[in-house]
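Visitor: Residue numbers (the numbering used here), protein chains in the order written: chain L, 1 to 103; chain B, 1 to 494.
It is worth saying that the hints were derived from the structure and are not from the lab.
One or more of the hints may lead you astray.
Calculated cross-link-like contacts (lysine-lysine; reagent style DSS-like; alpha-carbon spacing at most 27 Å) [as the list claims (entries may be wrong)]: (1) L:K84 / B:K26; (2) L:K25 / B:K153; (3) B:K442 / B:K99; (4) L:K84 / B:K161; (5) B:K32 / B:K153; (6) B:K366 / B:K296; (7) B:K152 / B:K32; (8) B:K153 / L:K84; (9) B:K202 / L:K50; (10) L:K84 / L:K25; (11) B:K153 / B:K99; (12) L:K84 / B:K152; (13) L:K25 / B:K152; (14) B:K99 / B:K30; (15) B:K161 / L:K25.
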Amino acid sequence: MSPDLFYLLVSLLFSIGLVGLLSRKNLFVIYMSIELMLSSVNLLLATLSKVLGDANGSVMALLIIAIIAAEAALFLAMIIHLYKEIRTIDADEFNQLSEAEQC
Amino acid sequence: MNSLIYILPMISVLAGAFVLMLLGAKSITKTKTFNLITVGFLIVAFTLEYSTLFLEREGYLYENIFAHVFIIDKFATIFNLMFTSGAILTLLINNDYFKSRHYFTGEYFALILFSIFGMMMLAHAHELLTAFIALETASLSVYALVGYHQNKKVSSEAMLKYMILGSLTGAFFILGTALIYGATGSTSFDIIALYVENHQLKDMTLLVVGATLLMVTILFKIGAVPFHAWVVDVYHGAPYPITMFMASTFKIAIFAIALRLYIIDFSSINYFWTEMLQVITILTLIGGSLIAINQKVVKRMLAGSSIVHSGYLLIGISSIGIGSDLAAPAIMFYLIAYFLSSAGSFGILSFIASQNKQEMTYEDFKGFAHRRPYLALIMSVFMLSLAGFPSTIGFLGKFYIFTSAIDSGQILLAGLGILTAFISVYYYFKLIAMMYFYPSDKVVQKFSIDISTIMIAFIALLIIWGGIGTSLLSFLPGANGFIEIAKEAIVSLK
Numbered sequence: 001m002s003p004d005l006f007y008l009l010v011s012l013l014f015s016i017g018l019v020g021l022l023s024r025k026n027l028f029v030i031y032m033s034i035e036l037m038l039s040s041v042n043l044l045l046a047t048l049s050k051v052l053g054d055a056n057g058s059v060m061a062l063l064i065i066a067i068i069a070a071e072a073a074l075f076l077a078m079i080i081h082l083y084k085e086i087r088t089i090d091a092d093e094f095n096q097l098s099e100a101e102q103c
Numbered sequence: 001m002n003s004l005i006y007i008l009p010m011i012s013v014l015a016g017a018f019v020l021m022l023l024g025a026k027s028i029t030k031t032k033t034f035n036l037i038t039v040g041f042l043i044v045a046f047t048l049e050y051s052t053l054f055l056e057r058e059g060y061l062y063e064n065i066f067a068h069v070f071i072i073d074k075f076a077t078i079f080n081l082m083f084t085s086g087a088i089l090t091l092l093i094n095n096d097y098f099k100s101r102h103y104f105t106g107e108y109f110a111l112i113l114f115s116i117f118g119m120m121m122l123a124h125a126h127e128l129l130t131a132f133i134a135l136e137t138a139s140l141s142v143y144a145l146v147g148y149h150q151n152k153k154v155s156s157e158a159m160l161k162y163m164i165l166g167s168l169t170g171a172f173f174i175l176g177t178a179l180i181y182g183a184t185g186s187t188s189f190d191i192i193a194l195y196v197e198n199h200q201l202k203d204m205t206l207l208v209v210g211a212t213l214l215m216v217t218i219l220f221k222i223g224a225v226p227f228h229a230w231v232v233d234v235y236h237g238a239p240y241p242i243t244m245f246m247a248s249t250f251k252i253a254i255f256a257i258a259l260r261l262y263i264i265d266f267s268s269i270n271y272f273w274t275e276m277l278q279v280i281t282i283l284t285l286i287g288g289s290l291i292a293i294n295q296k297v298v299k300r301m302l303a304g305s306s307i308v309h310s311g312y313l314l315i316g317i318s319s320i321g322i323g324s325d326l327a328a329p330a331i332m333f334y335l336i337a338y339f340l341s342s343a344g345s346f347g348i349l350s351f352i353a354s355q356n357k358q359e360m361t362y363e364d365f366k367g368f369a370h371r372r373p374y375l376a377l378i379m380s381v382f383m384l385s386l387a388g389f390p391s392t393i394g395f396l397g398k399f400y401i402f403t404s405a406i407d408s409g410q411i412l413l414a415g416l417g418i419l420t421a422f423i424s425v426y427y428y429f430k431l432i433a434m435m436y437f438y439p440s441d442k443v444v445q446k447f448s449i450d451i452s453t454i455m456i457a458f459i460a461l462l463i464i465w466g467g468i469g470t471s472l473l474s475f476l477p478g479a480n481g482f483i484e485i486a487k488e489a490i491v492s493l494k
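With the rest of the complex left out, here is chain L (with noise of 0.2 Å):
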């Protein structure tokens, strides 16, 4: 099977997660298009390590699911605890810092 279906697919799922990046406002969505960046870079780097016939790349992407795993648990905890402060989980809301530049 050609690997090129799957650079193709890798990039659509890296463009979706940037352009939910940066236009979503809620911070689930964020947080699941940072998620899946990093998960079709999984994919490229296990569809490189089939093409080049490597296992190395297959074990990247194992110590790599580490790592994002460490990520999410980080992330999940903030977000927590910033909706227990102000009971809401818009990006928007939370703007403070940007107000003090003003005055």
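Guided by the hints, dock chain B onto chain L, whose structure is given.
Guide: Leaving out everything else, chain B in the frame of chain L:
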């Protein structure tokens, strides 16, 4: 067994982190004790690292287990010394601040040690994925530290901003790694360097794209201008000790990996990025100055000035690309100079903040010299050093950077650097003017002698001593001695 002596500092830092986590589970230990334990472990790590400085070294850390993942060289040792001493200074200076706030628990100090561990791994890393894991270890700890003040909204907001943007650039770093892996079939620096040497630039588009993505991450972490949106807000929102830790120690760590990548791996194609870097440098110098000029809160002004200092360091990086031998040691020297000056100035802010809990604007410094003459004097020394006045270490740092820029023929960048140094005099001297030229109706406060003030005064002395450049103390290297050590470290890279 030979590797053990090199890995012991890292083990000591990691062990310290776990000990603090265990102690933190029970809330009977005092903050002061936590601080002492942390500093103790860091001093052990520093001493062990220093003992390896003059050993003959070759090869890799436990080569039969980790293969070529961790390299042992003088470069890594010197950077590790900087990280540990940076953390020691940060913790000791903020001793008063820790005592005045209730929210510093054992986990806080454990996170600092974890982040130092990540940075030490980063300095030793000789493989892209290891570098990524080390960078994430350090970054994730710093994200958590930025939002450590649970009941303060700006602290959480700063963490939110930093974490979203940081994870985004983390994704870019790993994408770059994957592309380089696709091009070369390996992520080890040896094989990448070999691949780069044996190919023409036009044959390795994939690798160049990957390396540029890595550079985006590095530029983001040091706060260069197109990627600077987070710097001022995060520095403002974070507690003082963390702002100090990020501004000094974390920034040095990023340069450890940047120098290693762009001096050994991509040295033969560095000219590809020169124009890109020059544009970014110009934007960083001008943009950072504009941000710093407009601030009213001193902490935000220092954040803006840290962007400008990144710009000076970028002058050095683009000089490396053109082939100046002076540039890399100059960057290391500038990192030390900036580290001392910024640690000192943030240290004074946190010392003042430990006694009154308000935000510190320029207005609050009116008549400061009449209330606390000694602190005002020391603060002036730091401001002079940040602005790059002769007889301070900041001057020598800028001198070496501009020399390397002129040496590689980048007259425009050197000229712009000098111009922004003049602009920076405005916002640094505004603080000195506020301190000295206004009367104060409050009584003179005594110079309280405790660990924080002693460390601040010690840094001020270091700055002046480094600036005068004489080796008054024969067993410690002077400023000239340090630049020699930095040169040796860079030679050990190649």
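Visitor: Next pair to validate is B:K366 with B:K296; report whether the Cα-Cα distance is within 27 Å.
Guide: holds, 13 Å
Visitor: Would the hint linking B:K202 and L:K50 be met if the CA-CA limit is 27 Å?
Guide: Judged against 27 Å, a Cα distance of about 26 Å means the pair holds.
Visitor: For the pair supplied as a hint, B:K152 and B:K32, is the alpha-carbon distance within the 27 Å limit?
Guide: holds, 22 Å
Visitor: Does the structure keep L:K84 and L:K25 at a Cα separation of 27 Å or less?
Guide: holds, 18 Å
Visitor: Given the proposed pairing of B:K99 with B:K30, does the C-alpha separation stay at or below 27 Å?
Guide: holds, 9 Å
Visitor: CA of B:K153 to CA of L:K84, is that 27 Å or under?
Guide: Cα-Cα ~11 Å, so holds.
Visitor: Taking 27 Å as the top limit, are the C-alpha atoms of B:K161 and L:K25 close enough?
Guide: holds, 13 Å
Visitor: Would the hint linking B:K153 and B:K99 be met if the CA-CA limit is 27 Å?
Guide: holds, 21 Å
Visitor: For a C-alpha distance cap of 27 Å, please report whether B:K32 and B:K153 respect it.
Guide: holds, 26 Å
Visitor: Below or equal to 27 Å on CA atoms is what counts here, so check B:K442 against B:K99.
Guide: holds, 25 Å
Visitor: Does the alpha-carbon distance linking L:K25 and B:K152 stay inside the 27 Å limit?
Guide: holds, 22 Å
Visitor: Hinted pair, alpha-carbon criterion (27 Å max): L:K25, B:K153. Please report holds or violated.
Guide: holds, 18 Å
Consistency note: the structure conflicts with none of the earlier hints.
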